[in-house]
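Each chain is listed here by its residues.
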Amino acid sequence: MSREVIYTENAPRSPVYSQAIKAAGLVFVAGQGPFHPVTGEICGETIQEQTRQCLSNVSSILSAAGSSMSKVVSATFILAEESDFAGMNEEWSNWFPVTTPARQGANHSEGNEGFNRSNRRSLTR
Amino acid sequence: MSREVIYTENAPRSPVYSQAIKAAGLVFVAGQGPFHPVTGEICGETIQEQTRQCLSNVSSILSAAGSSMSKVVSATFILAEESDFAGMNEEWSNWFPVTTPARQGANHSEGNEGFNRSNRRSLTR
Amino acid sequence: MSREVIYTENAPRSPVYSQAIKAAGLVFVAGQGPFHPVTGEICGETIQEQTRQCLSNVSSILSAAGSSMSKVVSATFILAEESDFAGMNEEWSNWFPVTTPARQGANHSEGNEGFNRSNRRSLTR
Numbered sequence: 000m001s002r003e004v005i006y007t008e009n010a011p012r013s014p015v016y017s018q019a020i021k022a023a024g025l026v027f028v029a030g031q032g033p034f035h036p037v038t039g040e041i042c043g044e045t046i047q048e049q050t051r052q053c054l055s056n057v058s059s060i061l062s063a064a065g066s067s068m069s070k071v072v073s074a075t076f077i078l079a080e081e082s083d084f085a086g087m088n089e090e091w092s093n094w095f096p097v098t099t100p101a102r103q104g105a106n107h108s109e110g111n112e113g114f115n116r117s118n119r120r121s122l123t124r
Numbered sequence: 000m001s002r003e004v005i006y007t008e009n010a011p012r013s014p015v016y017s018q019a020i021k022a023a024g025l026v027f028v029a030g031q032g033p034f035h036p037v038t039g040e041i042c043g044e045t046i047q048e049q050t051r052q053c054l055s056n057v058s059s060i061l062s063a064a065g066s067s068m069s070k071v072v073s074a075t076f077i078l079a080e081e082s083d084f085a086g087m088n089e090e091w092s093n094w095f096p097v098t099t100p101a102r103q104g105a106n107h108s109e110g111n112e113g114f115n116r117s118n119r120r121s122l123t124r
Numbered sequence: 000m001s002r003e004v005i006y007t008e009n010a011p012r013s014p015v016y017s018q019a020i021k022a023a024g025l026v027f028v029a030g031q032g033p034f035h036p037v038t039g040e041i042c043g044e045t046i047q048e049q050t051r052q053c054l055s056n057v058s059s060i061l062s063a064a065g066s067s068m069s070k071v072v073s074a075t076f077i078l079a080e081e082s083d084f085a086g087m088n089e090e091w092s093n094w095f096p097v098t099t100p101a102r103q104g105a106n107h108s109e110g111n112e113g114f115n116r117s118n119r120r121s122l123t124r
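Residue numbers (numbering that gives the first Met the number 0), protein chains in the order written: chain U, 0 to 124; chain Y, 0 to 124; chain X, 0 to 124.
Keep in mind that a hint or two might mislead.
Which chain X residues face chain Y? A few, computed with CB under 7 Å, are given here [as the list claims (entries may be wrong)]:
(1) V4
(2) Y16
(3) S17
(4) A19
(5) I20
(6) A23
(7) F27
(8) A29
(9) I41
None of these hints come from the bench; they were simulated from the model. Don't be surprised by glycine CBs; every beta carbon is placed ideally from N, CA and C.
The shape of chain U in the complex, shown without the other chains:
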């Protein structure tokens, strides 16, 4: 079956992973941090702002794949601080006003230091 690599300038990119791969009727989106697509800098200081940047990146990648946030079926969040849970949910809800995806979550840090982690992986169709 086909396996389509997705690329957009409107989301962060990396030599070690693809932004998304389309396969089997799904779009597998790479985990997104709160990074600016061009500068690579962390966007925002509050968990709400950082969540917004994460999901904005996911949204841009989905658009490039011909999908959208309204079609997300499952998403994973990773938080650096458990105390950010309520703030993340507050912003999360703004991105899924009609039906929310299934969700899995975790609380821990990874890779880059110094920001409220709100890494996410999305599966859409």
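Given chain U, work out where chains Y and X should sit, using these hints.
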């Protein structure tokens, strides 16, 4: 393609995520904690009891989706305490007597405090 | 729909999970640690060596499923030490010379102690 939201009163529910979404021939189930479907309270004190409640919730959601535990293809566990690994496996095996799903695991906490985390995500078909 | 259990002697096995399940046009591979398929011992001391063993196990499982590393669509890594991130990426790139899969990552430990965790889950088609 179709994207079906699954809902059952027999598992915990939340405004910020769906219990499951059915799409692309799969059921994407939200991570389940050891919570009682009605009271929302943590069920059990041992990792075996809490694992049972997590998987009971997953099972209820799968039933509502027209699937079942015997069709799970992949599942993720999250443990708050590494020392609970053996106890979790003990109960886990009871739920998958014939063929076990592929599994991924992690050890860390999230969101709620005070219980042995045994969050799980399941993919079934 | 069909649900095929994958088994190979060329990767670690466990009574509590399947090495992989094939379903819905995808192969769901269990998380792999840096374990030798036969002895079960940790292979290597550096993150590069341990990453190699993890991905070698994934590769063996994919082969048994009639797939291959060149078809991986999404993968999750789990690191015990954030400082191993660069070293893991170094080895990671060797396994995906053409197109890299979408990727999600985390930094924490699980189950077994004493090795640089580089657990991975892969979805291929």
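Each hint, compared with the structure:
1. Hint status for X/V4 relative to chain Y: holds, with the closest Cβ pair at about 5 Å, below 7 Å.
2. With a cut of 7 Å, the hint placing X/Y16 at the interface with chain Y holds, because the nearest CB-to-CB distance is about 4 Å.
3. A cut of 7 Å between beta carbons decides the hint on X/S17: the least distance to chain Y is about 5 Å, and the hint holds.
4. The beta carbon of X/A19 is positioned within 7 Å of a beta carbon in chain Y (closest approach about 5 Å), and the interface hint is therefore held.
5. Here the hint on X/I20 is kept, as its CB sits about 4 Å from the closest CB of chain Y, short of 7 Å.
6. Interface hint status for X/A23: upheld, as the beta-carbon distance to the closest one in chain Y is roughly 4 Å, under 7 Å.
7. The beta carbon of X/F27 comes within 4 Å of a beta carbon in chain Y, closer than 7 Å, and the hint placing it at the interface holds.
8. A distance limit of 7 Å between C-beta atoms decides the matter here; for X/A29 the minimum to chain Y is near 4 Å, and the interface restraint holds.
9. Because the closest C-beta pair between X/I41 and chain Y is about 16 Å apart, greater than 7 Å, the hint is violated.
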